[in-house]
Amino acid sequence: PDLQASSYRHHHNQTTRSSLSVKISTTTTTNLKMSSVGFVGLGIMGEGMAARLLSEGIAGTEATPLVVWNRTGSKCTALKEKFPDKTIVIKETAKEVVEACGITYSMLSTPEASRAVFDATEGVLAGVGAGKSIVDCATLAESDMLRMNDAVVAAGGRFLEAPVSGSKAPAANGSLIFLCAGSQELFDETKDNGLNVMGKASHYFSTTVGKGTRAKLVVNSLMGTMLAAFGEGLALSESVGLDPATMIEVIGQGAIMSPIYNLKGPKMIKKDHAPNFPLKHAHKDMALAVDMAKAANVEFSITSQAEKVFREAREDTDLNIADQDFSAVFETIHKKSSSEFSKKRMCDE
1 PDLQASSYRH HHNQTTRSSL SVKISTTTTT NLKMSSVGFV GLGIMGEGMA
51 ARLLSEGIAG TEATPLVVWN RTGSKCTALK EKFPDKTIVI KETAKEVVEA
101 CGITYSMLST PEASRAVFDA TEGVLAGVGA GKSIVDCATL AESDMLRMND
151 AVVAAGGRFL EAPVSGSKAP AANGSLIFLC AGSQELFDET KDNGLNVMGK
201 ASHYFSTTVG KGTRAKLVVN SLMGTMLAAF GEGLALSESV GLDPATMIEV
251 IGQGAIMSPI YNLKGPKMIK KDHAPNFPLK HAHKDMALAV DMAKAANVEF
301 SITSQAEKVF REAREDTDLN IADQDFSAVF ETIHKKSSSE FSKKRMCDE
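Under our numbering, the first residue of the sequence shown carries the number 1, and numbering increases by one thereafter.
In short, the hints are calculated from the structure, not lab data. Please note that a few of the clues may not be correct.
Within a straight-line C-alpha distance of at most 27 Å, the following computed DSS-like cross-link-like pairs (lysine-lysine) qualify [claimed, not checked]:
hint	residue 1	residue 2
1	K168	K294
2	K191	K82
3	K200	K280
4	K344	K270
5	K211	K271
6	K280	K343
7	K308	K294
8	K86	K211
9	K267	K280
10	K335	K271
11	K308	K270
12	K336	K270
13	K75	K200
14	K343	K308
15	K344	K267
16	K168	K82
17	K294	K211
18	K86	K75
19	K270	K168
20	K191	K86
21	K86	K168
22	K280	K308
23	K308	K336
24	K191	K168
25	K267	K308
DEER-style ranges, computed between Cβ atoms [what the hints assert, rightly or not]:
hint	residue 1	residue 2	range
26	A154	E112	17 to 25 Å
27	D272	E122	36 to 44 Å
28	N320	L236	20 to 28 Å
29	D150	I256	41 to 49 Å
30	G131	S74	29 to 37 Å
31	A113	A154	20 to 28 Å
32	D150	P259	31 to 39 Å
33	E81	M257	36 to 44 Å
34	E122	R147	16 to 24 Å
35	D150	F341	48 to 56 Å
36	T77	D243	42 to 50 Å
Where a beta carbon is used, it is the ideal one built from N, C-alpha and C, also for glycine.
Build the full structure now, drawing on both the sequences and the hints.
Below, the structure written as structure tokens:
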């Protein structure tokens, strides 16, 4: 009996140690996956946002690597070369990024790109399971956000809708504004451990996904309308013999002052439209806002007219400005004008 008892204890201890070893190994692997931070999409906006996660220490260490994927792989390599002292893991697919991380940020440029990357066989959704969280920062149609949320939740994950107000420079210097809805638990986890280094403010609207997108479309449609009106004001100033630089200064000193006028104005009169926020993306947001206003039965004629001007600019193959900054709508305003100044300006190109 003593031998049997001794044998049992020996076998039991071995089994316990073996089980404990497996448990520790599994837990360690899980913790590594949970501590890794993912980023899908390193374009104009995503590149700066991912860089902030690295430079501010949210990710990029051996304990918390930044795991990235981009449709153009060279962007991933460039990020790694820019931060040689950081731990950056490049994956072959978006699915692999999500599988390797607890929280994955996604920043894709258009609804079409977002849909393609999300739904692909090796895409974002394919990597979602229990314990996985997606923070989507793109500006999409509300229906797109709802569809993605439903799919992520159905797969056992969490979803936070987090479109941003801001363009290339704010993304690079961490002054974006996040407009969020969805999982409040995920928002609470990221607002001071991710969103805070990529943005200067984070607003949580509702557990109902779609509210973040609605807020973003209101902001961007107003911004586009403001810039179109500003462009008309500058074109009028030039055409009646007023110095546009002086007029920009005057506008900046009064009640209608706006950072966007001071930022874009001097570049507009020099025809400098290097893209921070591409015109085609600005028009996309304005068109979505017009559709939202129609669905809500809201008078939106002023913004609708501005959207038409942006659409003409986007579709103008002669000007070819769709990929330039949205300030390039100024070129369409001058093209549509028949003042002597506008005609001379167009001939000087």
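Exercise. Broken hints, numbered, in rising order?
Worked result: 1, 5 and 8
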